[in-house]
Amino acid sequence: MNSLSIKFAGLAAALAAGAAHAVNDLPGGPGVRQLNLHEAATRIAAEISWLHWFMLITCTVIFILVFGVMFYSIWKHRKSVGHKAANFHESATVEVVWTLIPFLIVILMALPATKVLVASKDTGNADLTIKATGYQWKWGYDYLNGEGSGLSFLSTLDSSHRALSNAGAAGSDVPNDYLLKVDNPLVVPVDKKVRIITTANDVIHAWGVPAFGVKQDAIPGFVRDTWFRSEKTGDFYGQCYELCGKEHAYMPIHVKVVSAQEYTAWVADQQKKMAAKQDDPAKVWTLEDITARGAKVYAANCAACHQENGKGGGPIKALDGSPIVVDADKAKEIDVVLNGRGAMPPWKQLSDTDLAAVISFTKNHWSNKTGQIVQPSEVLAARK
Amino acid sequence: MSAVLPTPGHAHEHHDAAHHAPTGWRRWVYATNHKDIGTLYLLFSFTMLMVGGVLAMGIRAELFEPGLQLLNPELFNQLTTMHGLIMVFGAIMPAFVGFGNWMIPLQIGASDMAFARMNNFSFWLLVPAGIILSASFFMPGGAPAAGWTLYAPLTLQMGSSMDAAIFAIHIMGASSIMGSINIIVTILNMRAPGMTLMKMPMFCWTWLITAYLLVAVMPVLAGAITMTITDRHFGTTFFNPAGGGDPVMYQHIFWFFGHPEVYIMILPAFGIISHVVPAFSRKRLFGYASMVYAVAAIAILSFIVWAHHMFTTGMPVTGQLFFMYATMLISVPTAVKVFNWTATMWQGSMTFETPMLFAVGFIFVFTIGGFTGLILAMAPIDLLLQDTYYVVAHFHYVLVAGSLFALFAGFYYWSPKWTGHMYNETRGKIHFWWSLISFNVTFFPMHFLGLAGMPRRYADYPMQFADFNMWASIGGFAFGLAQVYFFLFVVLPVMRGQGAAAPQRPWNDPDGKGAEGLEWEVPSPAPFHTFETPPRLDASATRVLDAMPGHINPNAAPGAVSH
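First to last, the protein sequences are chains A and B. Going left to right, the first sequence walks through residues 1 to 384 as the working numbering numbers them. Going left to right, the second sequence walks through residues 1 to 563 as the working numbering numbers them.
In short, the hints are calculated from the structure, not lab data. Predicted model, so just to flag it, every value in this text is computed and none were measured. Where a beta carbon is used, it is the ideal one built from N, C-alpha and C, also for glycine. Honestly, I wouldn't trust all of these hints.
DSS-like cross-link-like pairs, simulated, lysine-lysine; straight-line CA separation at most 25 Å [to be verified]:
(1) Lys79(A) x Lys337(B)
(2) Lys84(A) x Lys337(B)
(3) Lys273(A) x Lys296(A)
The following label-pair restraints were derived from C-beta to C-beta distances [to be verified]:
(4) Gly319(B) x Ala46(A): 41 to 49 Å
(5) Leu111(A) x Gly319(B): 16 to 24 Å
(6) Ser160(B) x Ala119(A): 22 to 30 Å
(7) Lys76(A) x Phe489(B): 32 to 40 Å
(8) Ala500(B) x Ser80(A): 40 to 48 Å
(9) Thr237(B) x Asp183(A): 50 to 58 Å
(10) Ala501(B) x Gly314(A): 52 to 60 Å
(11) Gly319(B) x Asn125(A): 20 to 28 Å
To be clear about the criterion: a stretch of chain A counts as covered by chain B if any three or more of its residues have a C-beta under 8 Å from a C-beta of chain B, and this derived list gives those stretches [stated by the list, open to error]:
(12) 96-102
(13) 108-120
(14) 126-134
(15) 162-173
(16) 183-194
(17) 247-261
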């Protein structure tokens, strides 16, 4: 019983302290104990916010009126204060009146909603068009049109945050952007109309940024679109809004809105990086170099499921000592990683070099010491 | 013994044998009596409520703090999925069927349901289905983890428990369809003479309309889940874009079922409230005809609003506008019902025993859920709130504070008739206040979480959402405990025969004001067989007149006209 009361005391202390973690509001993201919608960064979001206040106030007023009447009745028309029941039980007039009035109120609510909805669907004449592809479990961005077209990258949750989640997010050093930080944010210029085309690679995801007032499902095999024009610079956050499997909570969206000059500079910088990263698939790598590259690919893509120690867990297979990984026939592991198997998703979207690197890494790490090396050209050949 | 006319030659044997109700396990396994089957449904649904509740406790335990403490995300998704499936198909729907079985024959003066043996089959089908759903956690790969809505193409990635769950849902659907046919035929054919449809009790009206909804939409769900299973195993690609299929089509088919489904879960609740409020206001239900038309309007409208669950799938703006307008329209007949209940209370003479507490609590908290539904109906707002905790808050307000509270109101109201004993009034009040307060502590903060953008079905969340999640978890545990208290300290005692003996009319004053209906014309507890011959009714079809000569069964034992 002593340990029980100690636990209760601990719980009480935790409650009294409120959030034991010292966390602050995240500008452009959620606020601590936030009560209402995000502060709007776009006009559409501002109008949605207005619409919500309008609805909330109207509904609250109606609620108070109706339940004022009811509670008055509960107070005055009780048997215990001696009130005797009246006999009336119908009135066609009253029924008509209290059908018509809600009907009119609903029409009045629908008018501003229509205006905002039509505006939110008008995706024409965009300054910039970006495709957002939902993957299990990350976002891929392709700049299709406008300044920066041709840029293409994946945006994945910071792997240290994922590890922190597994560790129970304990301690006071959990960052303010916990579960919202990505390696490559989406960068867009301020005050420009950005059209976001959504699609997916596998199952349905959804791309949404509350501060912009946008959300759009990302559906495999189909393209949908939405748009925003941010009137503020800064960082804005969103998450995946359609259940897409086990890492559904771990594929955030980070949009960095910058000034026009900063954007131009960023685009130039990215184009240089892309050119440098353009791996020559015919290049022949040494084992040491390719496994070093593979370690990075593993940490960014595989460790979330297979763990840093390669041991997996539950239904996730261990790579350390895996028969497929140590098999003399390299095609076996290439096939699993490229095309997926069962719950393991395919990784076609990674480059030949990244795939060759990570496969070589797994074959030569932990207790696996095959000495095998997989070259990017072998992965390229295995793609049908 | 549901024959109205005496069978020549067998009458004496039948009658003697019928005085002994079947006993032992055969009474329950071979049950054809609507009261026994009603009891079976209610006990089954409460068991499923506990199972679904345990799953909810797992969810809230994990979400108590940010970070993963107890579960991995895959198991978490299994919990959210099975909590939904078990509560919808195992707890709420069978509970209303249980009430329907107990009360419909009594309220219309019929001796039993039209198809007594099919009634038995409808119930017993649920047991293997419930076992399959509950045991799916132990199958390889764990329980299905695609959300109770089972969206494709995520369902194509699930393990073998997905197929087991689809099988279980098929079984439950068959049970529901058979039960609905039973209810429709019973209500349309077996009302006592003089009880026209517009004199029928409101609970029977709501069940009649609900039964039509069920017959119309359960086959649609069967279609959606069958297409899922053929996509998974038989090479079809209905929902797989790689083969030319359309994942959004699944959503259309599912929600064409899904939206009427939620009205299926609330209309009988409206019926129960329409009995309790007049009884404890000592005043007839205001606007009976309007109430019937309102329920019919809600049911018809429920067929044309399904895509409000799909505002973000990318449908053209015209489609969004249509579904927005149609959805907002449903609030009108619902509001009319709230006004009519209020007008019933107005100038009444109210007392607040536990049934009335739950009924008034229902109106209050269900209306909050209704308003958040109206807010969600506004498509631009829905863009921000779709798939967030605002939606979770909304549907728990209407399903828990709505359907479940109405079920509690009905239990407290009718259990004296079922068991012959009065429940303990103090404990009933404790159950009410404990449930009401803990319910609001659990689900009100979820509105804020949704507005702040916290998505649904998340095993872990950004730190800023921590405080409200902690409150919701604490409230959730308290709410669950309240229901355990309810069963152990309110239900079990009256089932075991403890508590004051219930009079035939526990809810009427000496001057007769209070509860109305044919169920109060029979003793408490209601005898095994009631209304074996159709009663002769007064003009309002609420009282049985003295039996006329000629209506007495000439072959019956003396004094055995009505039990």
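Outcome of the hint check:
1. Lys79(A) x Lys337(B): holds (24 Å)
2. Lys84(A) x Lys337(B): holds (24 Å)
3. Lys273(A) x Lys296(A): Holds, because 17 Å separates the two Cα atoms, which is no more than 25 Å.
4. Gly319(B) x Ala46(A): 41 to 49 Å: violated (25 Å)
5. Leu111(A) x Gly319(B): 16 to 24 Å: holds (19 Å)
6. Ser160(B) x Ala119(A): 22 to 30 Å: violated (47 Å)
7. Lys76(A) x Phe489(B): 32 to 40 Å: holds (34 Å)
8. Ala500(B) x Ser80(A): 40 to 48 Å: With a Cβ separation near 21 Å, Ala500(B) and Ser80(A) fall outside 40 to 48 Å, so the hint is violated.
9. Thr237(B) x Asp183(A): 50 to 58 Å: Cβ of Thr237(B) to Cβ of Asp183(A): about 35 Å, so the range 50 to 58 Å is violated.
10. Ala501(B) x Gly314(A): 52 to 60 Å: holds (56 Å)
11. Gly319(B) x Asn125(A): 20 to 28 Å: holds (23 Å)
12. 96-102: That given contact holds, which follows from 3 residues of the segment 96-102 of chain A lying within Cβ reach (below 8 Å) of chain B.
13. 108-120: Check passed, 8 qualifying residues.
14. 126-134: Violated, because only 0 residues of the segment 126-134 of chain A bring their Cβ atoms closer than 8 Å to Cβ atoms of chain B.
15. 162-173: holds (count 7)
16. 183-194: violated (count 0)
17. 247-261: holds (count 4)
In this structure, the earlier hints numbered 4, 6, 8, 9, 14 and 16 are contradicted, and the remaining ones agree with it.
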